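Novice: The chain contents come next:
Number of protein chains: 2
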Amino acid sequence: MKGTSFIGNARGTEGGPRFAVASRTDGQPLEGRFFAASEADVDRAVSLAAEAFRPYRDLPGPVRATFLRAIAEQLEARRETIVPRAMAETALPEARLNGELGRTTGQLRMFASIIEEGSWADMRIDPAQPDRKPAPAPDIRSMLRPLGPVAVFGASNFPLAFSVAGGDTASALAAGCPVVEKAHPAHPGTSELAAEAIVAAANETGMPEGVFSMLFDEGIAVGQKLVKHPGIKAVGFTGSRRGGLALWRLANERPVPIPVYAEMGSINPSVVLPGKLTAAFAEALFASVTLGVGQFCTNPGLVIAIGPNAEFLKAFTEKMASAAACPMLTEAIGATYLQGANAMAAGATALVTPTAPGAPTAFEVDAAAFLRDPRLQEEVFGPSSLIVTCRDEAEAISVIRSLEGQLTGSIHATEEELRGVGALVAELEDKVGRLIVNQFPTGVEVNSSMVHGGPYPATTDARTTSVGGRAILRWVRPVCYQNFPASLLPKELGS
Amino acid sequence: MKGTSFIGNARGTEGGPRFAVASRTDGQPLEGRFFAASEADVDRAVSLAAEAFRPYRDLPGPVRATFLRAIAEQLEARRETIVPRAMAETALPEARLNGELGRTTGQLRMFASIIEEGSWADMRIDPAQPDRKPAPAPDIRSMLRPLGPVAVFGASNFPLAFSVAGGDTASALAAGCPVVEKAHPAHPGTSELAAEAIVAAANETGMPEGVFSMLFDEGIAVGQKLVKHPGIKAVGFTGSRRGGLALWRLANERPVPIPVYAEMGSINPSVVLPGKLTAAFAEALFASVTLGVGQFCTNPGLVIAIGPNAEFLKAFTEKMASAAACPMLTEAIGATYLQGANAMAAGATALVTPTAPGAPTAFEVDAAAFLRDPRLQEEVFGPSSLIVTCRDEAEAISVIRSLEGQLTGSIHATEEELRGVGALVAELEDKVGRLIVNQFPTGVEVNSSMVHGGPYPATTDARTTSVGGRAILRWVRPVCYQNFPASLLPKELGS
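Chains A and B, in that order, give the protein sequences.
Residue 495, in this note's numbering, is where the first sequence stops; the numbers in between run on with no holes.
Residue 990, in this note's numbering, is where the second sequence stops; the numbers in between run on with no holes.
Please keep in mind that the hints were generated in silico from the structure rather than gathered at the bench.
Misleading hints may appear alongside valid ones.
Stated by the list, open to error - DMTMM-like mimics (lysine to aspartate or glutamate), calculated; alpha carbons at most 20 Å apart, straight line:
1) A:Lys228 x B:Asp925
2) B:Lys497 x B:Asp553
3) B:Lys986 x A:Glu283
4) B:Lys986 x A:Glu116
5) B:Lys628 x A:Glu429
6) A:Lys228 x B:Glu899
7) B:Lys986 x B:Asp621
8) A:Lys228 x A:Glu253
9) B:Lys628 x A:Glu218
10) A:Lys314 x A:Asp366
11) A:Lys133 x B:Asp861
12) B:Lys986 x A:Asp430
13) A:Lys491 x A:Glu445
14) B:Lys723 x A:Glu117
15) A:Lys133 x B:Glu940
16) A:Lys491 x A:Glu218
17) B:Lys723 x A:Glu404
18) A:Lys133 x A:Glu117
19) A:Lys491 x B:Asp925
20) B:Lys986 x B:Glu589
21) A:Lys491 x B:Glu940
To be verified - Stretch-level coverage of chain B by chain A, calculated; a stretch enters the list once three of its residues show a Cβ under 8 Å from a Cβ in chain A:
22) 597-608
23) 613-626
24) 675-681
25) 843-849
To be verified - A partial selection of chain A residues facing chain B, derived with a Cβ cut-off under 10 Å:
26) Ala22
27) Thr25
28) Gln28
29) Pro29
30) Leu30
31) Gly32
32) Arg33
33) Arg69
34) Ile140
35) Leu313
36) Ala315
37) Val365
38) Ser410
39) Arg419
From a predicted model like this one, the values you see are computed outputs, not experimental measurements.
Glycine included, every Cβ here is placed at the ideal spot set by N, Cα and C.
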């Protein structure tokens with residue numbers, strides 16, 4: 001571990017504030033001291049990205065695809081070092097991190113396929129009509145073109161799939177945008193290993209220097225500099241609402257504002273009809289709420305239960321109470337979890353009271369009380385869920401209407417009940433990016449149709465997704481070419 | 496002329512501040528007193544739009560298309576009243592307004608065809624894989640779904656094609672979004688006639704009440720209320736930078752921010768290579784600069800001339816000096832034009848000095864002086880152009896790099912010169928939404944490939960266009976459906 005930032009093919013300075021991390025499982029110090037990027041490091045990374053932009057953009061899609069596929073291979077070649085380091089830095093289990101590495105390489109390969117095929121860029125051609133009356137029509141062609149260098153912020157809860165070589169990096173590189181990554185300070189060693197893989201892949205496939213850089217910082221100064229830098233044209237972020245909104249405001253205050261795609265979490269309402277308020281459903285819900293110590297943006301944190309729910313509540317309470325506390329991603333996340341759960345206990349009945357970071361908690365409240373207290377909508381990031389007891393569908397609809405924007409909304413109902421849920425589905429659709437029937441929101445498929453996004457404040461931009469094939473559309477704008485000779489057109493638009 | 500706002504199928508109150516307009520050609524008062532919408536009018540219009548949203552969204556594309564086609568027919572049926580009223584309210588000539596009406600109905604029919612065909616909504620289906628290892632994959636489908644009710648602001652310079660029944664209204668209605676229009680106060684009579692056409696078409700084709708409303712106001716209070724209203728989900732605007740940025744800021748300050756698509760003008764740089772610095776080019780440029788009294792967002796207000804340009808300057812000066820003053824759209828626009836031209840004369844050499852509103856003006860400055868004075872980049876809305884004299888390509892590139900974002904950028908060059916303009920084209924592309932070779936930016940084709948947009952501050956969102964088939968994408972977000980029974984899916988995603 002060198003611990004310095006990655007500035008194109010070189011490494012940054014050791015001068016800045018330094019930090020280190022300890023194992024989240026045994027508390028022992030982990031190898032490596034990491035150095036915050038200097039202002040010159042940030043400038044140099046963005047300058048190199050700006051220089052790399054045009055040559056990188058102009059590479060044919062299949063050539064950029066070789067880079068993405070090489071990153072996947074370089075990551076796999078480092079599996080034996082990356083997975084143990086990520087385990088130590090996050091306390092996530094080996095199987096999960098092996099799976100996450102597979103998801104990460106799968107994402108890279110999916111975007112490689114998308115740019116090999118090429119139609120994502122929406123090429124449009126209106127040929128000249130020299131004989132049109134009253135005036136001839138010129139030849140006009142357009143396509144989606146990359147925005148320029150983008151800043152990507154790694155997330156704490158997915159050290160691989162939403163971090164250095166994660167979804168935003170993969171989709172931005174696919175679109176033709178160089179990436180300047182801000183590594184998440186909770187897993188700097190994992191980040192260094194992933195950055196090494198990307199730089200090796202860039203060199204192996206002859207990409208222009210600066211197509212990727214990565215900056216370390218334990219605090220927020222480097223990220224702020226990066227978002228304010230005039231050379232940066234868009235931002236991807238996954239994390240807390242406070243962090244995401246701070247970056248969004250900063251981007252809007254720039255002399256030239258830029259898009260910020262911040263995914264800021266969600267309580268993921270699950271509407272449960274009477275036929276599903278059973279012990280079996282309680283068990284399935286428990287598995288989803290506690291998966292990965294509840295540390296998913298898609299954790300089902302709110303259950304809108306319609307009708308008598310004593311059997312369900314009893315079973316859910318028993319399951320949640322029986323589960324042991326698990327270490328959370330960082331000490332701060334653990335403390336915030338306990339604080340949030342205690343705040344929830346002040347406004348709702350605790351079915352399982354908060355005891356320790358990472359210990360499951362559960363709460364119950366009736367619809368009227370929920371509607372009175374907007375604080376009950378605040379996300380408790382971790383293994384926690386709030387059950388809102390509703391008398392009937394009308395009350396459930398009032399609860400849904402009171403909600404903020406969410407990533408997902410689920411409906412659990414028997415086959416017979418499903419015939420009558422049209423109104424509930426329509427209400428939920430107004431609030432979410434992904435609607436689910438009889439499944440749980442945890443487990444986000446990476447495929448062409450996935451939408452991992454949703455209305456504010458789940459994200460800062462509901463018109464986009466951070467997962468799935470459509471994510472490439474975050475990083476582009478349409479550009480049109482009128483009366484262009486073929487030699488000057490982008491290759492994709494040449495006749 | 497009733498002069499009250501259109502609130503669904505009803506009309507608004509007469510209580511608010513009233514205003515009237517006079518003919519821009521002879522100064523005589525025009526028929527009609529117009530009443531600013533009350534707060535209750537605004538609320539009612541947005542409530543009706545919100546109620547109309549789901550039934551309207553769920554209509555099949557071909558059914559919404561009948562509405563768009565009926566609007567076109569209703570407009571054509573009113574040609575004999577709309578065109579004369581628009582002439583009187585704007586001083587634009589009959590041929591132009593007849594053409595603009597054709598463009599307006601053409602836009603409506605283009606979007607009708609797009610939603611009849613249907614692929615614009617980007618339907619994606621990933622079928623279930625029950626046997627996938629380690630876990631089965633669910634059926635996931637997604638498509639672009641409308642955002643909800645949108646606010647559209649009419650523009651002063653296109654009383655038909657960018658106003659009540661103009662591009663934003665057509666694309667939003669096509670996408671499935673009800674529209675609440677804020678009529679531009681400079682042409683309220685034209686707006687009333689166009690609104691009548693839309694309401695008649697809505698009723699004729701059985702659309703839900705509230706799919707369209709229109710609010711009058713001479714000032715800005717009604718527009719502000721509209722943009723702040725929680726029921727409004729996006730905003731379309733064409734006009735001044737001050738107006739557009741004010742709405743954008745207001746939208747960002749809402750408890751739930753919404754997208755604002757503001758097109759705020761441009762000086763549309765034209766780079767002219769030595770071989771084109773001729774008297775013939777001067778004549779063609781003159782025609783483009785003075786077209787419609789220069790009152791286009793695409794007016795070529797900046798000419799970056801490379802090499803000796805005495806012949807060109809002389810011819811251009813003579814043509815511009817010989818043209819008479821024409822009445823501008825409003826008295827305020829005329830006064831602002833004169834003010835802007837006088838400011839330009841303070842920083843550049845006046846080739847044709849400002850004398851009156853609507854009288855052409857021309858200025859010249861060398862590259863070094865242009866680079867020193869950012870005020871020379873300010874748009875002078877009207878028949879004016881600034882020539883920047885550059886010694887060579889390197890100086891021209893410095894000038895391009897210094898520019899703000901623009902709607903268009905043009906290159907004028909001989910066939911031989913075109914072989915060497917790659918670097919100039921690449922520099923221009925960073926700045927614009929539409930690149931043009933050997934043509935002028937005035938005259939925006941309405942077709943599938945047009946991009947009428949560009950980097951900030953030409954617009955608030957370079958990822959979109961206000962003209963052309965892609966404009967429908969302004970008003971949508973992707974929504975995904977996981978494990979849905981066919982009966983609950985949007986029809987477009989049903990198997």
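Novice: Indicate, hint by hint, whether the structure satisfies it.
Specialist: For each hint, the structure was consulted:
no.	hint	verdict
1	A:Lys228 x B:Asp925	18 Å, holds
2	B:Lys497 x B:Asp553	33 Å, violated
3	B:Lys986 x A:Glu283	34 Å, violated
4	B:Lys986 x A:Glu116	31 Å, violated
5	B:Lys628 x A:Glu429	30 Å, violated
6	A:Lys228 x B:Glu899	17 Å, holds
7	B:Lys986 x B:Asp621	16 Å, holds
8	A:Lys228 x A:Glu253	9 Å, holds
9	B:Lys628 x A:Glu218	39 Å, violated
10	A:Lys314 x A:Asp366	16 Å, holds
11	A:Lys133 x B:Asp861	40 Å, violated
12	B:Lys986 x A:Asp430	17 Å, holds
13	A:Lys491 x A:Glu445	33 Å, violated
14	B:Lys723 x A:Glu117	43 Å, violated
15	A:Lys133 x B:Glu940	13 Å, holds
16	A:Lys491 x A:Glu218	43 Å, violated
17	B:Lys723 x A:Glu404	17 Å, holds
18	A:Lys133 x A:Glu117	38 Å, violated
19	A:Lys491 x B:Asp925	17 Å, holds
20	B:Lys986 x B:Glu589	45 Å, violated
21	A:Lys491 x B:Glu940	23 Å, violated
22	597-608	violated (count 0)
23	613-626	holds (count 4)
24	675-681	violated (count 0)
25	843-849	violated (count 0)
26	Ala22	32 Å, violated
27	Thr25	24 Å, violated
28	Gln28	32 Å, violated
29	Pro29	35 Å, violated
30	Leu30	30 Å, violated
31	Gly32	33 Å, violated
32	Arg33	38 Å, violated
33	Arg69	22 Å, violated
34	Ile140	5 Å, holds
35	Leu313	25 Å, violated
36	Ala315	23 Å, violated
37	Val365	23 Å, violated
38	Ser410	8 Å, holds
39	Arg419	7 Å, holds
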